[in-house]
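The letter at position 346 of the sequence shown is residue 346 when you use this note's numbering, and the numbering goes up by one with no holes.
Treat the hints loosely; a few may be bogus.
[What the hints assert, rightly or not] Within a straight-line C-alpha distance of at most 16 Å, the following computed EDC-like cross-link-like pairs (lysine to aspartate or glutamate) qualify:
#: 1; residue 1: Lys298; residue 2: Glu363
#: 2; residue 1: Lys298; residue 2: Glu279
#: 3; residue 1: Lys252; residue 2: Glu279
#: 4; residue 1: Lys682; residue 2: Glu212
#: 5; residue 1: Lys332; residue 2: Glu377
#: 6; residue 1: Lys159; residue 2: Glu135
#: 7; residue 1: Lys517; residue 2: Asp486
#: 8; residue 1: Lys362; residue 2: Glu392
#: 9; residue 1: Lys252; residue 2: Glu212
#: 10; residue 1: Lys682; residue 2: Glu213
#: 11; residue 1: Lys362; residue 2: Asp373
#: 12; residue 1: Lys623; residue 2: Glu600
#: 13; residue 1: Lys240; residue 2: Glu279
#: 14; residue 1: Lys240; residue 2: Glu212
#: 15; residue 1: Lys252; residue 2: Glu270
I should point out that these hints are in silico values taken from the structure, not numbers from a laboratory.
Since this is a predicted model, take the numbers as computed values, not measurements.
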Amino acid sequence: MRHIRTIVILLIALAVGLVSSGHAGAASSVRITVARAGWYDVNEQLFIGEGDVVIEAEDVQIAGDYVEWRAATEELIVSGSVVFRQGDNELTGETLIYNLAQNHGEFFDVQALIEAEKAASPVFLRSDRVVLDGETYTIVDGRITTCDLEDPHFHLAVKEIERTADAKLIIRKVTYYEGSIPLFYWPYLVLPLDYDWQEASMLLPVIGYSTEEGYYIKTAFDYYFSENSYGVVNLDLFSKLGVGYGFTHHYKLGSLGSGKIEAYQIPFTEGHRLSAGLEHEWERGPWRFVTNNKYNNKDEKRSLDLRGRLTLNTQRIQAHAEGAYQENTGTKWNRSWEYGGTWRQQLADGWRLNLDGSVSSKERADERLRMVDYLAETTYTRGNHTWALAIEQEYNPDLLDDEVQKPTWRSVNRVPEFTWRVSSPTVYGTVLPLRLELSAGRYREFPSDTQGLRFNGTANLLNRTWRPMTGTTVTYGGELSTAFYDLGDQQTTAGGTISLNQQLSQNLRFTARFSEKQVWGRTPFQFDRVSPVRSVSLQLSRTGTPYTWSARTTYNFLTNKFSTLSLNGAWRPTDKLTLSVSGAYDLNSRVFGRVVPRIEYTTRDEQERPIAFRLGTMYHVEKQVWERIDLRVEAPFGETWVVGYDAVYDLQKQEFSSGQINIEKDLHCRSVTLSYDHVKQKVALGLTINAFPTLPLKWGSDTGMSLFDLDDVYDLIGVEQ
Numbered sequence: 001m002r003h004i005r006t007i008v009i010l011l012i013a014l015a016v017g018l019v020s021s022g023h024a025g026a027a028s029s030v031r032i033t034v035a036r037a038g039w040y041d042v043n044e045q046l047f048i049g050e051g052d053v054v055i056e057a058e059d060v061q062i063a064g065d066y067v068e069w070r071a072a073t074e075e076l077i078v079s080g081s082v083v084f085r086q087g088d089n090e091l092t093g094e095t096l097i098y099n100l101a102q103n104h105g106e107f108f109d110v111q112a113l114i115e116a117e118k119a120a121s122p123v124f125l126r127s128d129r130v131v132l133d134g135e136t137y138t139i140v141d142g143r144i145t146t147c148d149l150e151d152p153h154f155h156l157a158v159k160e161i162e163r164t165a166d167a168k169l170i171i172r173k174v175t176y177y178e179g180s181i182p183l184f185y186w187p188y189l190v191l192p193l194d195y196d197w198q199e200a201s202m203l204l205p206v207i208g209y210s211t212e213e214g215y216y217i218k219t220a221f222d223y224y225f226s227e228n229s230y231g232v233v234n235l236d237l238f239s240k241l242g243v244g245y246g247f248t249h250h251y252k253l254g255s256l257g258s259g260k261i262e263a264y265q266i267p268f269t270e271g272h273r274l275s276a277g278l279e280h281e282w283e284r285g286p287w288r289f290v291t292n293n294k295y296n297n298k299d300e301k302r303s304l305d306l307r308g309r310l311t312l313n314t315q316r317i318q319a320h321a322e323g324a325y326q327e328n329t330g331t332k333w334n335r336s337w338e339y340g341g342t343w344r345q346q347l348a349d350g351w352r353l354n355l356d357g358s359v360s361s362k363e364r365a366d367e368r369l370r371m372v373d374y375l376a377e378t379t380y381t382r383g384n385h386t387w388a389l390a391i392e393q394e395y396n397p398d399l400l401d402d403e404v405q406k407p408t409w410r411s412v413n414r415v416p417e418f419t420w421r422v423s424s425p426t427v428y429g430t431v432l433p434l435r436l437e438l439s440a441g442r443y444r445e446f447p448s449d450t451q452g453l454r455f456n457g458t459a460n461l462l463n464r465t466w467r468p469m470t471g472t473t474v475t476y477g478g479e480l481s482t483a484f485y486d487l488g489d490q491q492t493t494a495g496g497t498i499s500l501n502q503q504l505s506q507n508l509r510f511t512a513r514f515s516e517k518q519v520w521g522r523t524p525f526q527f528d529r530v531s532p533v534r535s536v537s538l539q540l541s542r543t544g545t546p547y548t549w550s551a552r553t554t555y556n557f558l559t560n561k562f563s564t565l566s567l568n569g570a571w572r573p574t575d576k577l578t579l580s581v582s583g584a585y586d587l588n589s590r591v592f593g594r595v596v597p598r599i600e601y602t603t604r605d606e607q608e609r610p611i612a613f614r615l616g617t618m619y620h621v622e623k624q625v626w627e628r629i630d631l632r633v634e635a636p637f638g639e640t641w642v643v644g645y646d647a648v649y650d651l652q653k654q655e656f657s658s659g660q661i662n663i664e665k666d667l668h669c670r671s672v673t674l675s676y677d678h679v680k681q682k683v684a685l686g687l688t689i690n691a692f693p694t695l696p697l698k699w700g701s702d703t704g705m706s707l708f709d710l711d712d713v714y715d716l717i718g719v720e721q
C-alpha cells in the first residue's frame, strides 16, 4: 500500500510541477519513476526519489539511485551509479547535475565507451568532470585509451576532450603514456569517429630509413577550430633532405561550398621540393561546381594540373562545362589545355537535342597542336522508330589552309548525317526480331583526307536463344549491311554468330562459338572498312570439388591457325590447400610456351590470426629455363609476433625485382611494426594504436604483375583474354 501511495503522490506532484513551471523552453514531458520511495514539497516544487530512479525526457534517459527534481526550473541532481543516455551515446558516473530545459549540465567521475563506426576497437574514456551541452560533451582532465584492461597498457592524458555532434573527438593538451612513462605530447588532436581512420592523418610518429630520404621521423599535429575549419600540420625530419613541413586544411564556407587546401615543402634540399593542392566543391539547387588543382616541384621538374567542372541537372536538361590546364616539364608536351562541354535537352516528348564540343591545345618548344571537336545531334523517337540528324567535326584549325603539312590526327567528320532506325518491327501482326537502320551523309576522314557521300543500310537479327533439350542452349544472331559511295565504290557484308553451350554432366561443360563475316566490294574510307571473319572458339571446363580445370582456344579458318591454347587446372584436397597450374600451348607448332605452377595454403590459428603460404614460379618449356619465382608468406610466431614476406625473384637476371619484410609485435591494444624493403632499401618502424589512425608501413611491388592473379598470369604467358 505504501508503494502504491508513493507512486500516486509522485504522479500528482509531477503534474502540478509541470503545470506551474511556466517556462516557455521547458521540456514537453518529463517522466520520473522510483522503486523505493519519493517525496514532493509543493511549496518548493521539489521532488526527491530513491531506488532505481529513471528519468525520461524527449531524447534523454537518466538512471541512478537518488534524484532531486525541481519542477519550476527543470533542474536535476542524480547520484549513485548514474547512467546518462542521449541517442546512441552513453555515459556512466557518480553524480549528474543537469537542466532538461537547456540540455546543459555537469557529470562527475565519468566513464564512457565510444564506438567508432569503422575503427578496429572501441574508445574508453574516463574523466573527473564532463560538461554536457546538447550533443556536445566536453571532458575535463580525462584519460582516453583503446585498451580494455583495468590497468591499460597505454593511455592519453588530456586536459580537455570535446565530443562534437558531428562525430569527432577534439582533444587538447595530450600526453601519450606507455604504462606510466610519458613518451609523446601533442597540443591538439582530432579523432574522427564516422569514417575509416586509416584514411586520416597519422597519430604517432613514424621512424624509418630510405636511400633517397635517409633516416627520417614523420609527425603530424591536428588542429580544430570548428566543424567548418580543421586540419593537420606535418613536421618531418630527414637526414638527407633536411626538414619537411606542410599542412592540410579542411573548410566549409556555408553557401559558398567546402573544400581542402594542402601544401608541403622540403626547402633546404637541392631542387627545393614543394607540392600544393586545392579542392573545392559547391552545390546549389540543380547546379554543382567541382575543382581540383595540384602543383608539384621536385628536382627542378615542375608540374601543374588545374581542373574545373560545372554541371546542371534538371528534369529536362543535363549539361556540363569543364576545363583543364596542365604543365609538366618532364613530358613530351610541356603545356596542354582543354575546354569543353555538353548539353542534353528534352525539347518535347520523344525529341532530344545533344550538343558536345571541345577545344584543346598541346604545346612544346617548336610545335603546337590545336584541335576543335564538336557534335550537334537531334533525335526524335516515336514508338520503335528513331530519326537522327547529326553534324560532327574534329580538325586542327592551324592546318585547314595549309597545303604542305598534312593532317596527323585520326577522325571522321559527318557534315551532315541522317539516320533512321526501327527495332522489332511488326509485319502483319507479327513482331520480327530485327533492328533495321538506314543512314546517309557526307563524310570526311583524316589523316587520309578522303571525303564523299555514303548511303548505308543495315539489318540485324537480334540474338535468339533455343533450348532443344535439357542442358543444351543455342544462341544465334546475324547482320546484313551494304553501303554505296558517290565515288563509285560499294561494300556489302553479311555475317553472324551461333553459340552452343552444352552441359555434359553435373560438373563438365562444353562451349563453342562460331563467327563468320563475308565481305564483297570495297570502301574508300577506313572507319567502316570490314575484314572477313571465319572462326570458332572452343572451351571445355570442369567445376566443383576437389579439382577444376579448363581448356580454351580459337581456330581461324581463313589463316588455318589456332590461337594459343590456354590450360588451367586446380586441385583442392582440403579447404586450406590449393595446387594449381596455368599454361600455354601453341597448337600450330605443337610446343608448350610458359607454365606457371602454384601452391597456396591459407588458414588461421586459435587467435584467428592469418597463416598464409603462396609459392609460384614460371617455366618456359621451349627454352627450358625457369624465369621467375613469387613468394608470399605470413605467419604468427608465439603469442604476439606476426612475420610476413612478399617477394619476386627474376631468375634470368639473378636479382629481386621486389621484396618486402614485415614484422609485427602485438602489444595487446597496440602494436610495433618493422617494415623493410630490401630492393628499394627502405625501412620503417612505427607504433600503432588499435583503432587510431597511422601511416601505412608497407610498400607495393613495382612489377605490377603477380603469379597469384590469373589475369596477370594470362598476360605473362601470352594468352589473349
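Hint by hint, here is what the structure shows:
1. Lys298 / Glu363: violated, 22 Å
2. Lys298 / Glu279: violated, 21 Å
3. Lys252 / Glu279: Roughly 12 Å between the alpha carbons, so the hint for Lys252 and Glu279 holds.
4. Lys682 / Glu212: holds, 9 Å
5. Lys332 / Glu377: violated, 35 Å
6. Lys159 / Glu135: violated, 20 Å
7. Lys517 / Asp486: violated, 25 Å
8. Lys362 / Glu392: violated, 22 Å
9. Lys252 / Glu212: With Cα atoms ~37 Å apart, Lys252 and Glu212 exceed 16 Å; violated.
10. Lys682 / Glu213: holds, 9 Å
11. Lys362 / Asp373: holds, 14 Å
12. Lys623 / Glu600: Between Lys623 and Glu600 the Cα gap is close to 27 Å, so the pair fails against 16 Å, i.e. violated.
13. Lys240 / Glu279: violated, 31 Å
14. Lys240 / Glu212: holds, 7 Å
15. Lys252 / Glu270: violated, 37 Å
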